[in-house]
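Numbering of the sequence shown is given in the working numbering, commencing with residue -1 and proceeding in unit increments.
No lab work stands behind these hints, which were simulated from the structure alone.
Here are the simulated PhoX-like cross-link-like pairs (lysine-lysine), alpha carbons at most 25 Å apart as the crow flies:
#, residue 1, residue 2
1, K0, K211
2, K146, K127
3, K127, K102
4, K146, K207
5, K102, K146
6, K0, K207
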Amino acid sequence: MKITFLGHAALYIQTSTHRILVDPFISGNEMAAGKIDVQALDPDVILLTHAHQDHVLDVEAIASRTEALIISNYEIVTYYQNKGFQGHPMNHGGARDFDFGWLKYVNAVHTSSFADGTYGGQPGGFLLKCEGKMIYIAGDTALHSDMKLIPLYGNTDLAILPIGDNFTMGVTDALLAAGFVDCNRVMGVHYNTFGYIEIDTDAAIKTFKDGGKTLLLPEIGEALSV
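Produce the entire structure from the sequences given, and follow the hints as far as they go.
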């Protein structure tokens, strides 16, 4: 898998057969301006961890153009189905084999509502198994003990964790989360986009290194291989 960081918590996952977009907040992110062309994204699937605007802003524009399948919790998928989009609802603990891989919707500790006030269900994260690898997309979350269950489903090759603090885990808790998940390779997201979540990235990398783990902080538009 090739995972491109699109800024904030947005990801573009490319496999040998599919293109998966996660939490697209691009057009409203000043840091992504001039770096990411929303019109160039052509996903087959859009995964949404929760309904906050900084995770769903570009869903309708992209799905209208690509007819991508939206996968999230029941409330979020129903919200978009009522607008005429394709969707597949899931809920916590549920897993399913899709043509792009195995997907499990797992717990996250956060809140979830649309910008218009519509209830967005309970937030979640995803386990994705594809092409012999497994990644954990935590979504916006606090540290929680259910993360210790994730190794039961296989070896996590990459954990994608929020590190910006204030609204989610900070760096220290993210390091603990990496231990819970039993993953030594972590990609940090949800940091530095705006004032509440600005962090010292050098200090964050050192914290992980001192803890025996690697924190990857790709530039917007940079890709990682899994």
